[in-house]
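There are 2 protein chains.
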Amino acid sequence: MNMNILYLIPALGVVGLLVMAVKSAWVNKQETGDENMNRLAGYIANGAMAFLKAEWKVLGYFAVIAAILLAWSGTLVKDSSPLIAIAFLIGAVLSALAGYIGMKVATKANVRTTQAARTSLSKALKVSFTGGTVMGLGVAGLAVVGLGSLFIVFYNFFVDPITKDGMAKAIEVLAGFSLGAESIALFARVGGGIYTKAADVGADLVGKVEAGIPEDDVRNPATIADNVGDNVGDVAGMGADLFGSYVATILATMVLGQEIIVADQFNGLSPIILPMLIAGLGLIFSIVGTLFVRIGKDTDSVQKALNMGNWSSIILTAIASYFLVNFLIPANTTLNLRGFEFTREGIFMAIIIGLIVGALMSIVTEYYTAMGKRPVNSIIEKSGTGHATNIIGGLSVGMESTVIPILVLAAGIVTSYSAAGLYGVAIAAAGMMATTAMQLAIDAFGPIADNAGGIAEMSQLPPEVRERTDNLDAVGNTTAATGKGFAIASAALTSLALFAAFVGVAGINSIDIYKAPVLAALFVGGMIPFIFSSLAIAAVGRAAMDMVNEVRRQFREIPGIMEYKAQPEYEKCVAISTKASIREMLAPGAIALLVPVLVGFGFKGMFADTTSAEILGGLLAGVTVSGVLMGIFQNNAGGAWDNAKKSFEKGAVINGETFYKKSEPHKASVTGDTVGDPFKDTSGPSMNILIKLMSIVSLVIAPHIAVGGHGTAEGDCCKKDKVEMHGECAGHDMGGSKCDMSVCATMTKAQCDSMCTAMGCDSSERAHCMSMYNDKGEFVGQCMESCGKKCVTKEDCMKNCGESCASHHSDAKACCKDKGNASACKDEHAGKACASDPSKCEMKGKGCCKDAK
Amino acid sequence: MNMNILYLIPALGVVGLLVMAVKSAWVNKQETGDENMNRLAGYIANGAMAFLKAEWKVLGYFAVIAAILLAWSGTLVKDSSPLIAIAFLIGAVLSALAGYIGMKVATKANVRTTQAARTSLSKALKVSFTGGTVMGLGVAGLAVVGLGSLFIVFYNFFVDPITKDGMAKAIEVLAGFSLGAESIALFARVGGGIYTKAADVGADLVGKVEAGIPEDDVRNPATIADNVGDNVGDVAGMGADLFGSYVATILATMVLGQEIIVADQFNGLSPIILPMLIAGLGLIFSIVGTLFVRIGKDTDSVQKALNMGNWSSIILTAIASYFLVNFLIPANTTLNLRGFEFTREGIFMAIIIGLIVGALMSIVTEYYTAMGKRPVNSIIEKSGTGHATNIIGGLSVGMESTVIPILVLAAGIVTSYSAAGLYGVAIAAAGMMATTAMQLAIDAFGPIADNAGGIAEMSQLPPEVRERTDNLDAVGNTTAATGKGFAIASAALTSLALFAAFVGVAGINSIDIYKAPVLAALFVGGMIPFIFSSLAIAAVGRAAMDMVNEVRRQFREIPGIMEYKAQPEYEKCVAISTKASIREMLAPGAIALLVPVLVGFGFKGMFADTTSAEILGGLLAGVTVSGVLMGIFQNNAGGAWDNAKKSFEKGAVINGETFYKKSEPHKASVTGDTVGDPFKDTSGPSMNILIKLMSIVSLVIAPHIAVGGHGTAEGDCCKKDKVEMHGECAGHDMGGSKCDMSVCATMTKAQCDSMCTAMGCDSSERAHCMSMYNDKGEFVGQCMESCGKKCVTKEDCMKNCGESCASHHSDAKACCKDKGNASACKDEHAGKACASDPSKCEMKGKGCCKDAK
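Sequence order for the protein chains is H and P.
Counting in numbering that gives the first Met the number 0, the first sequence runs from 0 upward without gaps.
Counting in numbering that gives the first Met the number 0, the second sequence runs from 0 upward without gaps.
In case anyone wonders, no lab produced these hints; they're calculated from the structure.
It is possible that some hints are incorrect.
It does not matter which identical chain is meant; a pair holds if it fits inside one copy or across any two.
Said to hold, decoys possible - In silico SDA-like cross-links for lysine to any residue, where the CA-CA straight-line distance does not exceed 25 angstroms: (1) Lys-564 with Asn-45; (2) Lys-77 with Asn-3; (3) Lys-661 with Gly-371; (4) Lys-125 with Tyr-321; (5) Lys-603 with Val-402; (6) Lys-571 with Asn-654; (7) Lys-748 with Phe-606; (8) Lys-578 with Asn-654; (9) Lys-748 with Ala-607; (10) Lys-303 with Ser-121; (11) Lys-564 with Tyr-659; (12) Lys-372 with Ile-530; (13) Lys-207 with Phe-658; (14) Lys-661 with Val-208; (15) Lys-372 with Ala-586; (16) Lys-603 with Glu-340.
With the hints as extra help, turn the sequences into a complete structure.
And the structure:
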């Protein structure tokens, strides 16, 4: 087997993008309805585009400045490179592109769904779901293509294929890609979230409550902004969000994977490429899954069709993962990550745990937010005694809803760790995220249907059209909620994996909250999701007030609006939302990006026995715990309030009496829904990006704040490698390494591990040291596998094991084993000169041939 | 100087109680007004008493069962004793008594304040504040007397005065007192909080909103329950709460203090008695401070008078602490707690840091909740666009308000740790809590004034009476908010101190969140304040609905209520609140008590490299961080909503227009206030008890789950002490100790410390080991102070240092130094036989005389 498997990864992504193109063309071909519908759809599409342009302008400045800083920082330490800036920019651009693709198709699919809904529910579902699929495939396809290709590029650029030196650097640079993606994701999610909710809340407060006109009424000046919001928040924002999450999850697994030594058929790369391949397969099976999403007649269950598609793609991916893991990782091999030993069975088990955790999170989220279940019913009941009790009920439900997810998550952490150590935690998240394309298709069809309903209402189409789109929209609400459950669970696991990756790169080996500065950082970290949420919901409140005042002004100053005689100035409302969201997204974004940098550098060297890396670790733990809790709380409270309100449309029973729309209890429920809007669509879903982004920022700065001079010039604080092995017994050139192998020979594995930490060894150096020990933790040197004896020097090696000493090197590495034998030199890494003149076949430095030129 | 200083502690407490009795008698002597007022006050007093009786009944069962379990558990490990059950019961009874005293005086002072308000504001302030003072002195007096006396009892019972063996046991048993106090505090706070807010919310929803009658109108069936609620929640609940907090804070400092070795004039007890003495002095200076609380005429500022009293007591206590620390702790002595070295100057610095943190917390809290400041104004502004934006505004303000307090707290942790290590963190909290009597007087006068206003309204007294009580009530709202800021800050520091104490007793030396089970526990811990809050506010919602339905029923079924012709059935509403609060307080209480036990025992031995103690440590950290955040968030959001509503009474300006009561924005603000009620008076203030109680429970079970067999039979897993020192050179009988002194002789201080941890040494054993090293961390054995040489065995000692070797023992410990010299044997601990027959003067076991009988 050779390294061609690397090229399979972007190839799978390209397949996804091709299918996307086909589906996108299909959507474009659908009928767009009458002129009025097209005019309204045009307003929405233009408004959405205007927002994206305004957002991109601001983010462009940010990206350029950040890239310059990253390029500069890349020159400072050996385990980074100025290329990180390129990776960052590509990540940022692809993230924006993912959002753009989704929004573009959504603003086309919306009016086409409306038109399709004039015919049948099944047709409407097909159009809206295909729109969602385009978005899903776009996001996942770009992620797989982007990560896969960049990995190939950086692998070839930085990594010595024989010694694997430079792998840490390649992955660190690749982290720049994730940083770019996740930064844009945060701004897109927060900006889009503020936009959509400012418009939504503003439109509702004046339109529904004050003027008494229905939702999406064409007379409401904010209605176009409201519909634009669905596209920029729920579609473009979510697309960028999931692109970032997807990339972060895969990357975190790769970072940990590169620490694992395994004698596989892929030059030891299997733990690194496994998450990318799972993602690629998940993409393909998502495409398969979409084939199951279809209904026959209007009375069929849309939810059931979506579930069919979702579960079939998950189950197929799980089965495929089994074969994939067995294909990549050798049997009966013990893998080791930072002292935790596991097998390929453990890895597969961890993937399954990830899928189970994700499924349980979705089920619990659905329970807490679905109509007809106890939580939503309790809010309905409390609406009977007024606005305040409705709010109390929703807050209480939201807080309660953290319990089971947290217990599930805690169990998931412990079991996936037991299965495959930290790699297990990461791969569990990667497994969970594998079918992101499908998840996103299901998620994105909701706002498309919502928009379609809006266009139907504004174009005053017959009521059965709105009924059909409402049916789709209601299912969309549930899928949105369960999607959020999934997102927060995967974010939590991903953050832990990133956290672990950070610990490794930063060279610390514990984060002890019993130390005062670490504990203080835990408090500060826990506070960040609170201030972040505060800023986000306050921004919605402020922007909504601006919107209310503008709508009131138009009603007052433009005569004839209410009589359909004059057209409201939609564009003014669009401008308000655009401006407010761009302005207000900056502060929360700055917190997420700057706090880790300030803590990491600000406390460097401040405390005698506590490093700034450990303090930053405490901060990240605080952010993660508090962020997950606040995310679940806000998402579920918002979802439950929303469905409590919706329950009144068909009549809600309180103390035996049935209440409908416009009743007092319904008004109370509208208050709850309005409070829940920024919770569930602005601050709540931002939490998962927040926690991941802060972890990624920390990971990127880790080499700069690493312990033991890891980030400074090579070897200046450490002993030189004293091992005298060379020739065929020297798998590594350890010159300049910080691990003193001659000392290790006198140590237990654990002691050597500690020494590596103390010396500031990087992960590959550590891995090299660890490979010198047998399963029992005894030092055996590099000849262990060939003769089972202890050999420190070459002399030892020859004396104890003779020529067989060399045989444990895999073929690719052992081209010099048989000096003078041309065929032994014919491996892919050997130069041509080597093959033609076997006498030059000699180990020198990292090359294989004495003089290849 | 001798040990009589121990008796000074309860003596100071007795002074406080005597002053309390005098003030209580003064309140009793005041006029009670007319018959109608007395009748209404009688209803309130009887309702409050009925609640307390019902509560005590339930808590009685709990206390007895818990005491039996504790007594049994006390027999299982060497560092506990069945006596812990007695300590627990005394703590529980005193906590209940503290609440009872407060409630009793409050239900007398309320009507007397109403009567006084008919004369002047100054008189009304005097009566209500004296009522509050009785409560404050009662709580602080009982705490100081209780802790002080029990310490004397357990000291004499368990502790060998020469070797100080048994100190760990004495303190562990004393922790039972704190456990009893804090458990009752939790139930009282939660039960009382549910009671008062169920009645308040219920009365408002039907009375003010539906029936359109004013607050505290005599026609409202729930009005008596509402006024009872002020007494059982804001007075009795708060009294029990602060009693528990006060005790927990002092105890935490004592637990850490007993690990410190110091050659003072109080047999090494100074770090242990310092917190109790500070509390005693704080009590005295609180009495002094009350003298400053007085105003001349009605236009004088009540707030200013209270501030005068508060600050004078704080400043006097700070000054006194300086002299106290210098009196107790020797100059130029380096103290050492778990490797951190500090001096008496550091301790005083930590006390000052505690006072500064407390003051800053109060100032920030006041800013976020006071009328006229930006946060409250922003809520007022948002009320202009409806209920929902008011709620969003309040939630946003509450979340934002966590930022500065958390930064202050984090800085406080780090600086107080830098000043005096973990002891510094604990003593900072103790300093902050020293003037609890004064704090409580200021806090408790609020509900008394509130009640007085209620009685004035119900008795239809002239409006100027109500105006005067409203003036006091408004000030009371601010003091209540700042008091909560103080409480949460001290709780956070106390929890950290308890956390550190737990770590010591459990024998672990780090809590590494990088370990999967610990991180999982951090998540679970973070979730607990959410479910606790959810249960508490949902309980208020449910109970309020019962109340609403009952009031509606009475209005419907009892004709003539609205025309003052028929009297409502007040007692039915009282019964509803009582029943609901007792029922609903159980689940939150059970969570706080059981979770640490389940985690501590449930995960014992489950993970190879992670002890259940470390997992429990992670859980506690999660609870503390999340609890502090949720506490600040809820208290401040509630306070801000309340004052936003109150702002409409005098007219609130929104966009240039002034709105008053009954306007639409005012209605929106009432919704916010109602949502805030359970936040600020039920779940928010419970957070500080929750985090402390869970820490105390963990501390109490720590010996049972301790690492290294600490909790099992002596010595079964550890090496015996091999030091051969005895006679005059042996300060300790180390038979059965787990520290191998002969090995220590070859180690550095830090290594020996690690060994102590690995061996599961208890703190006194560890302290003994640590005392063998000089300031530079070199092993010098027990003769260090006398000759500066290294002596391991007696032979060494005699050879290196000769007779002078013995001279470093303090007189009390050196009675056997001069065998045959009667005068040398005449120390307070020597038996009579020893003094009369000097030949028997010989070290044997722990005694001083060979055969004392």
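Hint check results:
1. Lys-564 with Asn-45: within (24 angstroms within a copy, 68 angstroms between copies)
2. Lys-77 with Asn-3: neither (29 angstroms within a copy, 66 angstroms between copies)
3. Lys-661 with Gly-371: within (20 angstroms within a copy, 36 angstroms between copies)
4. Lys-125 with Tyr-321: Neither way: Lys-125 and Tyr-321 sit 32 angstroms apart in one copy and 78 angstroms across, limit 25 angstroms.
5. Lys-603 with Val-402: between (37 angstroms within a copy, 23 angstroms between copies)
6. Lys-571 with Asn-654: Answer is between; shortest inter-copy Cα gap is 21 angstroms, intra-copy 45 angstroms.
7. Lys-748 with Phe-606: between (30 angstroms within a copy, 21 angstroms between copies)
8. Lys-578 with Asn-654: Answer is between; shortest inter-copy Cα gap is 21 angstroms, intra-copy 46 angstroms.
9. Lys-748 with Ala-607: between (28 angstroms within a copy, 17 angstroms between copies)
10. Lys-303 with Ser-121: Intra 13 angstroms, inter 72 angstroms, cutoff 25 angstroms: intra-copy only.
11. Lys-564 with Tyr-659: neither (32 angstroms within a copy, 38 angstroms between copies)
12. Lys-372 with Ile-530: between (32 angstroms within a copy, 19 angstroms between copies)
13. Lys-207 with Phe-658: both (18 angstroms within a copy, 23 angstroms between copies)
14. Lys-661 with Val-208: Both. Shortest intra-copy (10 angstroms) and inter-copy (19 angstroms) distances satisfy the 25 angstroms Cα cut-off.
15. Lys-372 with Ala-586: between (38 angstroms within a copy, 22 angstroms between copies)
16. Lys-603 with Glu-340: between (33 angstroms within a copy, 22 angstroms between copies)
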